[in-house]
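Dock chain B against chain A, hints included.
Number of protein chains: 2
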Amino acid sequence: MGKYVAGVDLGGTKIYTALADDSGRLLAETIVATGAGDGGEAVVRRIAATVAEVCASGGSGVDISALGIGVPGPINPATGLVDQAPNLGWRNVPVKEILQQTLGVPVLADNDANLAALGEHRFGAGAGVRNMVYVTVSTGIGGGLILDGKIYHGVSGAAGELGHMVIDPLGPLCSCGRRGCLEALASGTAMANRARELVAAGCGQAILHKAGGRAENIDALTVAAAAAGGDGEAIDILKDAGKALGMGLANLVNLLNPALVVLGGGAMNAGRLLWETMEQELKVRALAAALENLRVVPAALGKRSGLMGAVALALRGR
Amino acid sequence: MGKYVAGVDLGGTKIYTALADDSGRLLAETIVATGAGDGGEAVVRRIAATVAEVCASGGSGVDISALGIGVPGPINPATGLVDQAPNLGWRNVPVKEILQQTLGVPVLADNDANLAALGEHRFGAGAGVRNMVYVTVSTGIGGGLILDGKIYHGVSGAAGELGHMVIDPLGPLCSCGRRGCLEALASGTAMANRARELVAAGCGQAILHKAGGRAENIDALTVAAAAAGGDGEAIDILKDAGKALGMGLANLVNLLNPALVVLGGGAMNAGRLLWETMEQELKVRALAAALENLRVVPAALGKRSGLMGAVALALRGR
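Residue numbers (our numbering), protein chains in the order written: chain A, 1311 to 1628; chain B, 1311 to 1628.
To be clear, the hints were calculated from the coordinates, so they are not data collected in a lab. Bear in mind the structure is a predicted one, so any value in this text is a computation, not a measurement. A portion of the hints provided could be inaccurate.
It does not matter which identical chain is used: a pair holds within one copy or between any two.
[As the list claims (entries may be wrong)] DMTMM-like mimics (lysine to aspartate or glutamate), calculated; alpha carbons at most 25 Å apart, straight line:
id : residue 1 : residue 2
1  : 1593      : 1478
2  : 1460      : 1602
3  : 1593      : 1393
4  : 1549      : 1478
5  : 1406      : 1602
6  : 1593      : 1373
7  : 1313      : 1529
Just chain A, with the same shape it has in the complex:
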């Protein structure tokens, strides 16, 4: 069993690669553009190159004994294929096999949200917990489940799709084509969309001001900045998102009775108000038995949750 492994967090825009030792300490990191438009083969070559690069910057004589990689789509546990990764334009890509042949070491692949959950579980906020739900609130809302100490995949690797939980059957249209999904109510995109609608209707001026007067620059953090300045419209947006998030988490904890919910993703930086409203609604909506042993905490690894999950996976696969 070698001392070093590599982890890759493959996203639609960036490839984030690191070299780690057997305690999970990162020795070198690199970020390059994915260039998804160049096609799957080019992306896989780029990944192999970043792995070689972190090995080289780790000093001479560094060989890895395994590679872990997170991909932005479900991996079918039966076939090992990336069924579908819309952000990469991939369908049925055997990423694991190609990389294994190229690099000559065992390659372990999983969905990126599952690996973010694993990363937090092994190295972050969830260390030592048996049942944990990781939720990422970003442009979309996704998640990963650690149940009885392991990543839970479901029958075809699609488990953990928290973002499309129906919260309000008559709510706003979601990117999935349905109405009132959690993602359509509480994601960063949902908050920004609502703010832009206000601006289009001639309101939302405080939010627009925080975006430098350009509606296209509005995001969850702009809304948060306006709310921090006391703007009522921005406060309403954050509160409604927090409420929807609390309802979604209540459904989740009633069903899975986890010891821990870890919340990550850029939109969770939209400030205290979002968090407080979420917690309040969760307490109102969840059953006493589910709340009793529950903690809800922010992710500890920030942008490295997925990368550290890839490292954890590689360490298991040595």
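Coordinates of chain B only, in the frame set by chain A:
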């Protein structure tokens, strides 16, 4: 390892006990009234007596090597206590230990909905499936999760509470004090309540007729009978319940990606319309990845789901 075990399905009104051989074949069954009002000790004595009775009717010389029992409340996996069983008036009752001392054989206890799931998984509709959700639609709505081949309990034994998933935040009041829970929209009680409200408002005459003119006799099956006769009000009640159920199942399968959902409970006998509306809404609301490998089927063991789960548990504990 002995050839025989006993299983007990302990309910708020009935104690259902059976003797089974090591293949799960039932050799004797008995049902007695729980008499919960007499207190915990009396109920436990009654259980011990029913076990002796099924052993005796199984022929002379029948000794059991283990007892499995399902109780109507969560069992804390850490303490083994029945935390709370409102239907029995129990709190922190060490049912497992008392029965073990009385009967002198290993006693294995679990929540009744979990055991109904296990019964269907081992002997019924879910045989051979790795990830399965059991949902019971009765006076309330409950469920049990079989994940990666085992009952999933969560951190304090409270997992599987499907009934209090929020489906419509502004919907009708639930028995739990919250609004718009699945149970408040799609349980047998919810359907009956809505029919009674119609009657109280001077409508719902076809349903009232099927209940023999007595509003207090209205239940889900009365509504189903009126719907079968073409009554529009009854049809609406079934359709709305089916729709809520489909939404709840969509949330469930998006999150857990099971291979199978098994639907049991008396209210699922309310006919094709309930089932069809549920399936339709599930298909509209669930993600393609979650639907692809999913089957939704009726429970195969009827009233014996929980009992057979208790037998399965006992067989494991020999």
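Comparing the hints with the structure gives:
1. In the homo-oligomer, the alpha carbons of residue 1593 and residue 1478 lie at most 25 Å apart both inside one protomer (19 Å) and across protomers (17 Å), since each shortest distance falls under that limit.
2. Taking identical chains as interchangeable, the C-alpha atoms of residue 1460 and residue 1602 lie at most 25 Å apart whether they share a chain (23 Å) or sit on different chains (24 Å).
3. Only between protomers do residue 1593 and residue 1393 lie at most 25 Å apart by alpha-carbon distance; the minimum there is 20 Å, versus 37 Å within a single protomer.
4. For the homomeric pair residue 1549 and residue 1478, the shortest alpha-carbon distances inside one copy (15 Å) and between copies (18 Å) are both at most 25 Å.
5. For the homomeric pair residue 1406 and residue 1602, the shortest alpha-carbon distance between copies (23 Å) is at most 25 Å, but the shortest distance inside one copy (41 Å) is not.
6. Taking the shortest Cα distances, residue 1593 and residue 1373 never come within 25 Å of each other, neither inside one copy (50 Å) nor across copies (49 Å).
7. Taking the shortest Cα distances, residue 1313 and residue 1529 never come within 25 Å of each other, neither inside one copy (42 Å) nor across copies (66 Å).
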